[in-house]
Amino acid sequence: MSKPIALEVRNLVKYFPTGHKGFLGRPSQELKAVDGVSFVLSKGETLGIVGESGCGKSTLARLITRLLDPSSGQVILDSQDITHLRGRRLRDVRRQIQMIFQDPYSSLNPRHSVGQIISAPLEVQGIVSGDELMSRVREMMALVGLNPEHYNRYPHEFSGGQRQRIGIARSLILNPSVIIADEPVSALDVSIQAQILNLLEKLQQDLGLSFIFIAHDLSVVRHIADKVAVMYLGKIVEMGPSSAVYGRSLHPYTTALLSAVPVANPKKRGASGRIRLQGDVPSPVNPPSGCRFRTRCWKASELCASHEPPLIDMGEGHLVACHHPMEPSEGAGKPPVER
Amino acid sequence: MEASHPVLIVENLSVSFETPDGIVHAVNDVSFVLHRGKTLGIVGESGSGKSVTASSLMRLNNSVTATTSGSVQVSGKDLMAASDDELRQIRGSEIAMVFQDPMSALNPYYTVGAQIAEAYEVHHPNASKSEVQMKVIDMMTKVGIPNPEQRSKDYPHQFSGGMRQRIVIAIALVNDPKILIADEPTTALDVTVQAQILDLMLSLQAENGMAILLITHDLGVIAEVARDVLVMYAGRVVEKADVEDLFEIPTHPYSWGLLGAVSSLDDSHRGQLKTIEGAPPSLLNLPTGCAFHPRCTYSSENNGQCETLVPSLMQKGPEHSSSACHLQSARVVQIGREVGK
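For the record, the sequence lines run as chains A and B. If you count by UniProt numbering, then the first sequence holds residues 1 to 339, one letter each, in order. If you count by UniProt numbering, then the second sequence holds residues 1 to 341, one letter each, in order.
This is chain B alone, in the form it adopts within the complex (with noise of 0.2 Å):
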């Protein structure tokens, strides 16, 4: 392993939120370190804490239903010690995020070439107009947005999604973010387009060696960009691995449901798919014990332990990955090669 750089440090963070019918663990234990010029990925599916992780990160949670706990450093900065005028400066110019959907992420009525001016200004309030046009049109050149002086002057609705979507990247970028956060990125987006986005993500951390923190359902896309991956189930991490091993050796029995549920292109022993029983639980109220327990088709193998104790991140088989399960690392490994094929 070449020397790393950690750039986010986040420990034991757990994000609860008080509604109307209890109290929500959208969050619970969850810790990670991500590496300057390093994709780091996160897999899970709705519900399964993905989303409010990454809005924690920039504490973009509503501060009134929301309790945090846990640590979050950036570049050593403590987010969670930060005042208001600190967070501001982190925002942006640390950690910048991308959005879902680019046609919400921006402003109807203001044209993109003042919304990537406007996130330049905030962060570089005594620039002369001439240098932040100078960067507008540099940003866009950069996402690849053909003819960037005159389209500059267009509304967002006149771009097309993925050129939305590279208008998002472009505001996100500006401030030369060493963090980007990626919250289902192409998802909006068609296959071919969704091809283009990720090849641009990837192309400008190779030149600027920014960290990215990529948030998906889509194994495929996990596959293709992201180097290590967490894998989220009801607010937990159950697995945290090498992409290779994730697929190689997969350690985890939500992993193994995941991984035989998804239907490949080269499809030909066509038939079942495996499917994971049941539906994820609700965080209101969680099972005891593993969450993942009532699905698992393992759960009767462990004298019990699997519905009184939480299981605890340990290593199971490959070096660099860990699985949050009471099976015997032997039965998993077992299974897991089974799985990866």
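So that you can see chain A by itself, here it is in the shape it has in the complex (with noise of 0.2 Å):
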């Protein structure tokens, strides 16, 4: 770890209270979103965070950016813990953690104009006023690909792609040093997606920014993150450097969600080892004992439903969670699991 950490979980923990209040008020019954998740995010890298809907990658990115307060564990940006700080404090923080939101629709106000959507946190933080305000938010504009002219439009004259990148605008306006980006591209077009993904990456490299990018779309993040880390039911189950978790993934989990992405190359279709998982993911308000994943894992054995299997480092920051993990041998290949 030579470069220098922007960002750093520890053992971050979001429990919702579901179900009826029993007696003296207790929620009944706990949705455990986020158990236990750490990870270091260095300068100018990006993480990758994949998982299916409901694995708790929304609510980390709330975590994190302290929209939501976190049941237990730390948040440290800059070697400074940020998990309890309220008011001035964190208004402070929140210039330097910024968010991009995956529905570039809804996360725009519709009766503002793009000047006053991309210079709100300008204001909000009192940094600059009048001109040079507006001097900045039209540089900003520039920056991401939109017309400086545009200014005074409102979101519904913008397309897709174009309203998204209003949304970068606005969440690099503050010169943050790290990004979260939920879903940044899902809603849009594939041509568009691409436009957009390029643009994340020149504003990187030219900002130094560190990026958090959550997606479901295994291809997307293999083409954009360094490190990805994979989440099922709250907990990361494999993390480790792209090249080594999609190329030799470790943890079954991870190896059936590779094989179930189609392969946009109609000779590839049907190749032999597709692991089709049986099964929807378990309800997280009460999930499988020991290993969550055994339920859906053609390896499991009765050390997992007893033992939760630790995050292990398996050599070059190969991390994974499982007693079974994956033999070379088997490649993407041989579980019996077939349909």
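The hints are simulated quantities; they were obtained by calculation from the structure and are not laboratory data. Careful: at least some of the hints might be erroneous.
Just a sample of chain B residues kept apart from chain A, beta carbon distances all over 12 Å, derived [what the hints assert, rightly or not]:
#1 S83
#2 P125
#3 V132
#4 Q150
#5 D190
#6 G209
#7 T216
#8 L259
#9 P280
No farther apart than 27 Å at their CA atoms in a straight line, the calculated lysine-lysine pairs in the DSS-like style are these [said to hold, decoys possible]:
#10 B:K77 x B:K153
#11 B:K129 x B:K153
#12 A:K43 x A:K3
#13 B:K135 x B:K178
#14 A:K202 x B:K274
#15 A:K268 x B:K274
#16 B:K129 x B:K77
#17 A:K268 x A:K299
#18 B:K142 x B:K153
#19 B:K274 x A:K267
#20 A:K3 x A:K202
#21 B:K38 x B:K142
#22 B:K178 x B:K38
#23 A:K268 x B:K38
#24 A:K267 x B:K38
Some, not all, of what chain A presents toward chain B, calculated at C-beta under 8 Å [what the hints assert, rightly or not]:
#25 E52
#26 D189
#27 S191
#28 R222
#29 H223
#30 Y246
#31 R248
#32 P266
A virtual CB, placed ideally from N, CA and C, is assigned to each residue, including glycine.
Make one complex out of these two single chains by using the hints.
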């Protein structure tokens, strides 16, 4: 770990109370959305977080940006613990950590002009005003590939891709050091996705940003991330350099996830060794004992039901939480689950 | 090629809508044939006209605002001339449809069993209660829902997204239609569930020989399940090809752009993705000539033809593929081979 650390998350936990309040008003059940997540994001690096719906990736983003308060654990930004900051000090931190949202339609106020939307963070933070504010906004619009002349237009006059550029401009206007992008391209068409991904990569290089890139699309994450974390039911089950995780996945879930991605190559259709997971993700209110993936795993043993596997470094920063990690000889191939 | 049975023949289909802002030309001059037991994929971005094409095949477009021309023949019957009664016969028993969002396709107030039963009873008014019940259980078993007897009494919200989509498929297939139109059937689902649903559709197809029209924006899904592909852009078919040819020697600049823009899993050479500059045009105000020309890198090579003349579909490369482009065949094949790798 030679690179300086931009952001560190230690054992982050978020339980949402659900169900009827029982005796003494205590919630009867808890939904374990994020359950003990730790990682380190180095400066200038992109960490991709992948997983299926309900795995806790969006909750994680909201915990890091302090839009939600964690049940326990720490978020450390630039060696400062920001987990319990409030008021003014929290606002200062928000300058450094900004978010890009999934839906470029609902994340922009339809009654505000683009200029107002992009300048809002500057006004909230009371950094600049008047002419300087205007010129900062125009500069930012040019940087993300919008025509600065369109300052006074409204969101509905822009296409989806351009709206996402507006969202990006808004998140960058405060010169943050960390950007959390929650499914920033999944609402866009492929040709527009590519434009936005290229833009994000260019901005990262030019501005030295650190990214947390959350997506369910594994190939998009493969393209943009240096490091990948795979989440399942609130936990990281595998994490490591992209090339390692995608090249030689160790966790059966990662392997299954990768093999489920449709490959844009008809010659590889029906390739042997397709893994088809059975069933659905269990409820996070009542996750399986031991390893949470065991109910859908073809390698599960009694050990998996009784003991939760810890996240262990298997070498070169490639971590996996599994009692029976994939062997190299297994490739993507051998599991007996075929459908 | 084995003997083919066309079950759906679409000729020169055009659909336009009257809106307060003007006339939207959603579909222009689309023709294709769907064969028994085969899967035809339609791929395109939002606004390319793929969903409107699908809903015209069931005549689901608003008859007041929409103007439809061209011909659609379902198993020899002319859909455009069909009366309401005939339409009701065709819908469900000849053609059935699966939509993108399984939550909004199901009625939250009725049990899933009742909804499958309803679809069956519409076409079998004299069926006895026990026969309907047996059919419901049979369909739920076919689409892979465990404990069908018990689960048929559950409501849609008690099912996960993938299970709901299975129910929607069960409803669509309960009358054994010859044609299944699936409009983005897996877009709302997670990848592992998407894989399950695609497998299910293909195995049901192998069983009953239905033809599938699969509409998607995902080239990966196309590559996995389609046999023939239409690429649509701004309401027109710009390329028509065998799935293998499309990926090997694509013959339209828009297809080149789409294939280049897809990020893939074995993307070891990271770096800039190829993009198609600009955004799709407004259907209210289509560019003159080829609708793709403002975004096309090659439009300068054709002496202004692209700006003035709408190209028609012609064979440019492989035998069964055709594309609508003014570029010379030799040039198309040369670039197509490079793109297809």
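Results of checking the hints against the structure:
Here B:S83 stays apart from chain A, with its beta-carbon at least about 39 Å from theirs, past the 12 Å limit. At roughly 36 Å from the closest C-beta of chain A, the C-beta of B:P125 stays outside 12 Å, upholding its exclusion from the interface. Taking the minimum C-beta to C-beta distance to chain A, about 28 Å, the non-interface status of B:V132 holds against the 12 Å cut. The claim that B:Q150 is not at the interface with chain A holds, since no C-beta of that chain comes within 12 Å of its own (minimum 16 Å).
With a least CB separation of 4 Å from chain A, B:D190 falls inside the 12 Å interface cut-off, contrary to its annotation. No beta-carbon of chain A comes within 12 Å of the beta-carbon of B:G209; the shortest separation is about 19 Å. B:T216, annotated as away from the interface, has a beta carbon of chain A within 12 Å; the closest lies near 10 Å. The beta carbon of B:L259 is not kept farther than 12 Å from every beta carbon of chain A, the shortest such distance being approximately 7 Å.
Listed as outside the interface, B:P280 is inconsistent with that label: its C-beta sits roughly 8 Å from the nearest C-beta of chain A, within the 12 Å cut-off. Under the criterion of a C-alpha separation no larger than 27 Å, the hint pairing B:K77 with B:K153 is inconsistent with the structure, at around 38 Å. This hinted pair checks out: B:K129 and B:K153 have alpha carbons roughly 15 Å apart, not beyond 27 Å. This hinted pair checks out: A:K43 and A:K3 have alpha carbons roughly 7 Å apart, not beyond 27 Å.
Among the hinted pairs, B:K135 with B:K178 is consistent with the structure: their alpha-carbon atoms are about 18 Å apart, no more than 27 Å. Pair hint A:K202 plus B:K274 holds up; C-alpha atoms about 14 Å apart against a cutoff of 27 Å. Of the pairs offered as hints, the one joining A:K268 and B:K274 holds, with about 23 Å between alpha carbons and a cut-off of 27 Å not exceeded. For the hint pairing B:K129 with B:K77, the CA-to-CA distance comes to about 32 Å; that exceeds 27 Å, so the pair is violated.
Note on A:K268 and A:K299: the hinted pairing holds, with a Cα-Cα distance of about 26 Å set against a maximum of 27 Å. About 17 Å separates the Cα atoms of B:K142 and B:K153, which keeps this hinted pair within 27 Å; it holds. The suggested pairing of B:K274 with A:K267 holds, with an alpha-carbon distance near 22 Å, which does not exceed 27 Å. Distance check on the hinted pair: A:K3 and A:K202 sit about 20 Å apart at the alpha-carbon level, within 27 Å; holds.
For the proposed pair B:K38 and B:K142, the alpha carbon gap of about 20 Å is at most 27 Å, so the pair holds. Taking the CA atoms of B:K178 and B:K38, the gap is about 11 Å. The hint holds against a cut of 27 Å. Between A:K268 and B:K38 the alpha-carbon distance is near 19 Å, which keeps this suggested pair within the 27 Å criterion. A distance of roughly 18 Å separates the Cα atoms of A:K267 and B:K38; the hinted pair therefore holds under the 27 Å criterion.
The closest approach between the C-beta of A:E52 and any C-beta of chain B is roughly 4 Å, which is under the 8 Å cut-off, so the hint is satisfied. Here the hint on A:D189 is kept, as its CB sits about 4 Å from the closest CB of chain B, short of 8 Å. Among the interface hints, the one on A:S191 holds; its C-beta lies about 4 Å from the nearest C-beta in chain B, closer than the 8 Å criterion. Hint on A:R222 holds. Least Cβ distance to chain B is approximately 5 Å, under the 8 Å limit.
Hint status for A:H223: holds, given a least beta-carbon distance of 4 Å to chain B, under 8 Å. The closest approach between the C-beta of A:Y246 and any C-beta of chain B is roughly 6 Å, which is under the 8 Å cut-off, so the hint is satisfied. For the restraint placing A:R248 at the interface with chain B, the shortest Cβ-Cβ distance is roughly 13 Å, beyond the 8 Å limit, so the hint is violated. Below 8 Å, beta-carbon pairs count as interface contacts, and A:P266 has one with chain B at about 5 Å; its hint therefore holds.
This entry does not satisfy hints 5, 7, 8, 9, 10, 16, 31, going by the numbered hints stated previously.
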